[in-house]
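K.L.:
So the chains spell out like this:
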Amino acid sequence: NAGVTQTPKFQVLKTGQSMTLQCAQDMNHNSMYWYRQDPGMGLRLIYYSASEGTTDKGEVPNGYNVSRLNKREFSLRLESAAPSQTSVYFCASSEDGHPQETQYFGPGTRLLVL
Amino acid sequence: DQQVKQNSPSLSVQEGRISILNCDYTNSMFDYFLWYKKYPAEGPTFLISISSIKDKNEDGRFTVFLNKSAKHLSLHIVPSQPGDSAVYFCAAKGYNAGNMLTFGGGTRLMVKP
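Line by line, the protein sequences give chains A and B. Its first residue numbered 1, the first sequence is counted upward by one per residue in the working numbering. Its first residue numbered 115, the second sequence is counted upward by one per residue in the working numbering.
Lysine-lysine pairs mimicking PhoX-like chemistry, simulated, CA-CA at most 25 Å apart: (1) B:K119 - A:K57; (2) B:K182 - B:K170; (3) B:K185 - B:K151; (4) B:K151 - A:K9; (5) B:K182 - B:K168; (6) B:K119 - B:K185.
Quick caveat, the hints were computed from the structure, so don't treat them as lab data.
Can you make the complete structure from the sequences, with help from the hints?
P.N.:
Below, the structure is given as structure tokens:
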């Protein structure tokens with residue numbers, strides 16, 4: 001079991017460029033999430049998907065789009081990258097969104113926007 | 115305005131002693147709390163959790179205490195080991211907030227041999 005995998009591990013973009021961050025999980029989980037981590041801010045939820053075919057906004061969705069391609073994969077797209085989107089991005093998954101279950105995180109993608 | 119706060123950015127303790135990490139929250143709708151541990155270049159991993167109907171939960175060397183009236187929780191690690199050196203995040207869920215976790219800013223724990 002690989003758990004939650006993310007690609008790429010590191011990316012440098014110029015302002016205005018676009019890119020897609022990929023995430024996949026092999027735990028047959030229903031719910032998937034995208035977070036960003038900034039110094040002193042903890043992790044903030046960008047978007048989440050409670051099931052295949054559904055997505056919802058989190059705390060900081062502006063500038064991002066997501067696609068729940070199938071049960072395994074949840075991608076995050078930056079259409080026009082800005083320096084404020086420099087961050088570490090984590091994907092996570094959980095079994096069925098039960099209030100008392102935990103989320104499992106991927107290793108992260110470090111993004112630098114120049 | 116941060117709803118979950120970890121006011122100590124860092125903490126240093128000697129191996130074998132107790133580590134106490136603190137977390138305060140402002141939203142009284144939170145009813146489930148979690149601690150995650152994060153090593154450099156890795157994703158956070160779940161450590162321990164507590165429901166609002168309890169005031170203590172213990173798992174080996176790790177104990178979480180919840181004081182609802184003070185809106186405060188703490189993580190105790192006894193005894194601390196060098197391998198515990200990591201960043202610890204407190205997180206909270208509200209019963210009316212679906213699957214959303216709200217995280218604190220993290221505390222970096224350094225355990226000195």
